[in-house]
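Use these hints to put chain X onto chain Z, whose structure you have.
Now for the letters of each chain:
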Amino acid sequence: MNILQKIKLSFRYGAGYFIVAAIPTLGALWALIANGPDGEGAFICGVLKLVSIPIAWYLYKTFDSKNTIYFFLNLGISRTEYYVIPIVMEYIFFRILFRVVLLVYPLIDAWINGGG
Amino acid sequence: MVEDERGKLLIDSVQLDFGHNTVLQSAYLTAYKGKVTGVLGRNGTGKSCLFKCIMGGIRPQNKFIRLNDEHHTDYGHIGLRVKYLPQEHFIPRGMTVARAFELYGVDYDKMIAFSPAFEDYRALKFKEISGGEQRIAELFLVLNADAEFCILDEPFSNIAPYYDEKIRNLILEQKATKGIIITDHIYEEIIKVADDLYLLRDGYTHQVHSREDLARLGYIRM
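Quick note, the sequences are listed as chains Z and X, same order. For the first sequence, our numbering begins at 1 and goes up steadily by one. For the second sequence, our numbering begins at 1001 and goes up steadily by one.
Because the hints were derived from the structure by calculation, they are not lab data.
Derived, one-sided and incomplete: chain X residues facing chain Z with beta-carbon distance under 10 Å: (1) G1076; (2) G1079; (3) V1082; (4) K1083; (5) Q1087; (6) F1090; (7) G1094; (8) A1147.
Calculated lysine to any residue pairs in the SDA-like style (CA-CA distance at most 20 Å, straight line): (9) Z:K61 / X:F1018; (10) Z:K6 / X:A1100; (11) X:K1127 / Z:S65.
Covered stretches of chain Z, going by a simulated chain X footprint (3 or more residues, C-beta under 8 Å): (12) 59-70; (13) 73-80.
We put the beta carbon where it would ideally sit given N, CA and C, even for glycine.
Isolated chain Z, as found in the complex (with noise of 0.2 Å):
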């Protein structure tokens, strides 16, 4: 099994840690938003990412079904790969949304400051 074959799998036993941490990540981005991307903005966002990971972990890993992991052992998935996965491809799907907030958010702050 290679890594693109793994990486598809974790989509499907890593759905729980990605809709555990799609709170703090919408509630980072938004922070983003509302402070703008210099400076303060960014640190809370950072902040805010950085300490829900292990928290979304911890869930993900309490509430995951306790032999699940072992039909993905059973495939050559080692079990460092079954919980780094999902926490690497949901912290680059993050960065890609950070990325995509950065490049929009001038439109965003003339859209609210016109507005106002």
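Below, chain X without anything else, positioned relative to chain Z:
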């Protein structure tokens, strides 16, 4: 020496503690390809923990695993070479039966030949079939998947007696190409199929050769 040529799974020095509770100490086990190795033990003696330590699901304080006397065994990806059937259901409940067989590379038609009821289950999710049928599918997958060794934790539990003999025959058929480690509380079933027997007691493994040994170690009464 002949046994070494067939392939060997050596597990040694397994030490597992949960806080102050020692579950396994210096536990060892050797399984050979072409043989069924039975592991017996009362409830809570650490049989399942030992298997989970082998697979990497539990991280013990110490363990030594070596396959075929290789200098380096990749513990992390041991699932490529050793397949494990846990005691409880382990296939994601939302996965279809056909998808699980596809991922494990097992021909679904073989499953239908083993149990014709599965003809209609191909597109169903695991949560949509009965617990006993889930167990049969899981056991069949693990036994038929490409691997050097299989570990079966209570394969006879929660399965209709009708399947007992079929499962025993399947195990004996599969041992021609792989080594099988098996445990079950229905110890008579284990004794029937096992070539080598171990007993886990007080965290230690004891190799047993006869029912007298089992009685001496307090596992059965004679």
